[in-house]
Amino acid sequence: MSAVVDSHGHAGEQHDHHGGYSGIMRWITTTNHKDIGTLYLWFSFIMFMVGGVMALVIRTELYSPGLQWVDPDFFNQMTTMHGLIMVFGAIMPAFVGFANWQIPMMIGAADMAFARLNNWSFWLLPFAASLLVISFFVPGGAPGVGWTLYAPLTVQMGIGMDLTIFAVHILGMSSILGSINIITTIINLRAPGMGLMRMPLFVWTWLITAYLLLATMPVLAGAVTMTLTDRHFGTSFFNAAGGGDPVLYQHIFWFFGHPEVYIIALPAFGVISQVIPAFSRKPLFGYASMVYATAAIAILSFIVWAHHMYTVGMPVTGQLFFMYATTLIAIPTGVKVFNWAATMWKGSLSFETPMLFAVGFLFLFTLGGFTGLVLSLAAVDIQLHDTYYVVAHFHYVMAIGALFAGFAGVYFWLPKWTGRRYDETLGKWHFWLSAIFVNVAFFVQHFAGLAGMPRRIPDYPLMFETWNKISSIGAWGFGLSQLLFLYVVLKAIRSGEKAPQKPWEGADSVEWTHLPTPVPYHTFETPPVLK
Amino acid sequence: MSRNLKTALVLASIALTTFAGIVAKYWILNGS
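Going line by line, the protein sequences match chains F and H. For the first sequence, the tail end lands on 544 under the working numbering, and the numbers increase by one without skipping. For the second sequence, the tail end lands on 17 under the working numbering, and the numbers increase by one without skipping.
Be aware that one or more of the hints could be misleading.
[Claimed, not checked] For each label pair, taking beta carbons as the anchor points, the in silico distance ranges come out as:
id, chain 1, residue 1, chain 2, residue 2, range
1, F, 499, H, 14, 44 to 54 Å
2, H, 14, F, 41, 38 to 48 Å
3, F, 211, H, -1, 24 to 34 Å
4, F, 147, H, -13, 34 to 44 Å
5, H, -1, F, 538, 26 to 36 Å
6, F, 463, H, -1, 40 to 50 Å
7, H, 13, F, 253, 17 to 27 Å
8, F, 499, H, 1, 33 to 43 Å
[As the list claims (entries may be wrong)] Here are some, though not all, of the chain H residues that point toward chain F, as calculated from beta-carbon distances under 7 Å:
id, residue
9, -12
10, -8
11, -1
12, 0
13, 4
Since the hints were derived computationally from the structure, they do not count as laboratory data. The beta-carbon is built from N, C-alpha and C at its ideal position, and this holds for glycine as well.
The shape of chain F in the complex, shown without the other chains (with noise of 0.2 Å):
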């Protein structure tokens, strides 16, 4: 690759201008895709925090059986709250902000294709929790139905369900908006000589994501609508009372549902891809094959919905088929853990905090899978479905395997974001209560779901008392070891080592060969040609 053209003693003059405003103000109005990476990354950590909060809540109540501390309407408010905020308020702006920071960096492109929709796009999500926060002190309280929202109860819930349904509309619409944002970006604006098949792991992950996003969130947005016309318009679309069908409602939630679960995990995978060659000092394993292989994951993943459902009564024919197609799901995520495997194979491997995590993912992302593979099946699932089995699944793929990546990515990226090292000693702590504690909470929940533990529920018969309280202590150790994360990052920020361009040897991506550390404010003043 040559030298960057842009000059860059130009742009260091340059760092500390940050546009016409300063103080609040200057993030109120930024359209600088690092100051909104660093918003969404800073909003994600918050509701990280408050969907946190509500976990430990539901821990501490299933400690012991009988009912201790919380209300069951309040408690079945907690799981609801808690699923919709990590999913829609911390993971997916977590990798959006992740999207913001490095993907024009990658390409080589000034900026987002349209900086003023991104300041929105951003914007748009601090209304949205507020919704879903004031939902808890109206009459009747936040809705408990669950974050799939189902029909009827929501049919049946108090004015906290239209907050809520007007939160994910909010929601939904910041998604697209960020995802038209992210496609035009990377289709339009790559610098010379960035091919796309040359483009980093990161960039094909997001632009896969993007387009899922694109084609799913209008579903969901649609489910919520006949939700709220059911509730005040006298539509019957989910309400069997006046000819409609609930199970219609489950239909049109897994079409957005089961792509959501890849609109998480595939920018994990990018991080992921982006981490593990560069502390194994060697390009990615078998870069086109994963490229393929997240495409086949996406594509794939519209046709899967209904193993969610195998219980409402479908024909066995149906039941056949999203299991076979499900299965199919192994196959390119199989070619993705073997490139990741086969990348470090003979590598000259070095273990610090970005690629302890990283392995970390790669373990525990696969212990998640392959217990996938187990609920796959329609005969064990209609076992299993609904029980604590089926929880410990989705926390290891989307809270473990999300969080690890999402951990990774800070680790190895914040040096370039902010200048500054981090603790590697205290990063090593984080990572090591994380997965000692994480696994104390959620591999013991795999025990309570076979032994016939039902989910959403606060109370349970005293037979499932020990691996419950396993689980809380997890839980509570897992909760706290995130403050240490924050102390880590906030000691990085104010007193941490200075970081040369490329802290990390193996690292090769144009924001490690081109930019210098910390970034400046602008980003590319001029494309840089890459050869």
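Use these hints to put chain H onto chain F, whose structure you have.
For chain H alone, kept in the frame of chain F given last:
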């Protein structure tokens, strides 16, 4: 019209059509 705007309009029309299509399928066509 810029290339970026054209791309965005195509993508936005996909999203809008999907949303309207889902609702219309079960409302106007009654799911048939």
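#### Entry: residue 4/H as chain F interface residue, shortest Cβ-Cβ below 7 Å
The hint holds - residue 4/H has a Cβ within 7 Å of chain F, the shortest such distance being about 4 Å.
Could you check if residue 0/H really has its C-beta closer than 7 Å to a C-beta on chain F?
Check passed: Cβ of residue 0/H comes within 5 Å of chain F, closer than 7 Å.
Return holds or violated for the Cβ distance of residue 14/H and residue 41/F against the range 38 to 48 Å.
Cβ of residue 14/H to Cβ of residue 41/F: about 44 Å, so the range 38 to 48 Å holds.
Q | Satisfaction of the hinted span 26 to 36 Å by the C-beta atoms belonging to residue -1/H and residue 538/F | A | 33 Å, holds
- prompt: Is the distance from the Cβ of residue 147/F to the Cβ of residue -13/H consistent with 34 to 44 Å?
  reply: 39 Å, holds
Fill in: chain F contact restraint for residue -12/H - C-beta distance below 7 Å
Hint on residue -12/H: holds, closest Cβ of chain F at ~6 Å, below 7 Å.
Hint says 33 to 43 Å; check whether the CB-CB distance for residue 499/F and residue 1/H agrees. 40 Å, holds
Given residue -1/H as an interface hint, is its Cβ closer than 7 Å to any Cβ of chain F? 6 Å, holds
*asked:* Range first: 40 to 50 Å. Now tell me if the beta carbons of residue 463/F and residue -1/H are that far apart.
replied: 43 Å, holds
> If you take the shortest Cβ to Cβ gap from residue -8/H to chain F, is it below 7 Å?
Replying inline: 5 Å, holds
Beta-carbon spacing of residue 211/F to residue -1/H - inside the hinted bounds 24 to 34 Å or not: 27 Å, holds
Beta-carbon spacing of residue 499/F to residue 14/H - inside the hinted bounds 44 to 54 Å or not
For residue 499/F and residue 14/H the Cβ distance comes to about 51 Å; the hint holds.
Hint check: no violations occur; every hint is consistent with the structure.
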